[in-house]
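Enquirer: Sequence:
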Amino acid sequence: TRPADELKDLERPMPFVERLQHATIPEFAGELIGPYFENVKLLGKRTAELHVALASNRDDPDFSPEPFSILYQRSLYQSMRNHSGQMLQLLKKNLNSVRGVVLDDALKVLDRQNVLLNRFRALLSRKINANRTRIHGDFHLGQVLYTGKDYVIIDFEGEPARPLTERRIKRTPIRDVAGMLRSFHYAAYTSLFGHLGSAMVRPEDLAAMEPWARIWNVWISSTYLQSYLDHAQSGGFLPAHREELNILLDVYLLEKALYELGYELNNRPDWVRIPLAGILQLLQSPEAA
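Its first residue numbered 165, the sequence shown is counted upward by one per residue in my numbering.
If you're looking for bench data, these hints aren't it; they were derived computationally from the structure.
This one's a predicted model, so the numbers in the text were calculated from it and none came from an experiment.
There's no promise every hint is true.
Unchecked claim - For lysine-lysine, the following DSSO-like pairs were computed, each having C-alpha atoms within a straight-line distance of at most 30 angstroms: (1) 272 <-> 205; (2) 334 <-> 291; (3) 205 <-> 334; (4) 334 <-> 209; (5) 272 <-> 257; (6) 291 <-> 313; (7) 334 <-> 257.
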């Protein structure tokens, strides 16, 4: 596969989760990314091993896995939809503080608000056959230390802003996976856009370089996800069907991106372009083309 073919394929509308599952890593990717592929595979394996370990204690009621239920799915849907609606309202209130391309992206997201919120309805479309367990709860690249040969996962307190009782709630491990996938997106786009004015790419080169950031994100995310799924099967917590896995990945990726949007609006407005780009990519589908 040639680089030009990869860029052309990237323009073909496709849901992000589906794109990850169908991504093939071309030979030239090794020249661009090199040994990082193996590191990402190892991180996927270690993530799976963490979740398998957390799900292995069947005797302690605080850790024993619990199945999804229709009632839980309804509660999850309502929680995600309400939180996301609040983040979109926050974006609307802050439109006067953004300019240029960022404003364009913000308006695109708000224009598709109903489509975005309806994506969470997939949680109501079918009973999901999966288990909920204790998870890391705040999983991203900042929570893993690389020793030079392996990864050490740190900081198991969960999201500090949430009350302790909420952090102890059992959830699907896919929530952690979605957090790491969003972290890969941040890594790519922080390098592209920079922060606080320290971009690695000149403004006039952004249009040409942005597709390469997207390709890197897809390759790395696909590699991580496949490695994770290969090593998590023994845990007994993954959905029984691929369609159910896709639902969970999609809604948790969207929820995380909208959480990031609210965080950046409140704390680092110069960074808001990154979650906006992520939301627009997640909303990409053949129907929207």
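Enquirer: A separate judgement is required for each hint: does it hold in the structure or not?
Expert: Against the structure, the hints:
Taking the CA atoms of residue 272 and residue 205, the gap is about 34 angstroms. The hint is violated against a cut of 30 angstroms. In summary, the hint linking residue 334 to residue 291 is supported, as the alpha carbons are separated by about 18 angstroms, within the 30 angstroms threshold. For a cut-off of 30 angstroms, the pair hint linking residue 205 to residue 334 stands: about 26 angstroms separates their Cα positions. Restraint check: the Cα-Cα separation between residue 334 and residue 209 comes to about 21 angstroms, which is no more than 30 angstroms; the hinted pair holds.
Our distance criterion of 30 angstroms between C-alpha atoms is met by residue 272 and residue 257, whose separation comes to about 15 angstroms. Distance restraint check for residue 291 and residue 313: the Cα-Cα separation of roughly 41 angstroms exceeds the 30 angstroms cut-off, and the hinted pair is therefore not satisfied. A distance of roughly 34 angstroms separates the Cα atoms of residue 334 and residue 257; the hinted pair therefore is violated under the 30 angstroms criterion.
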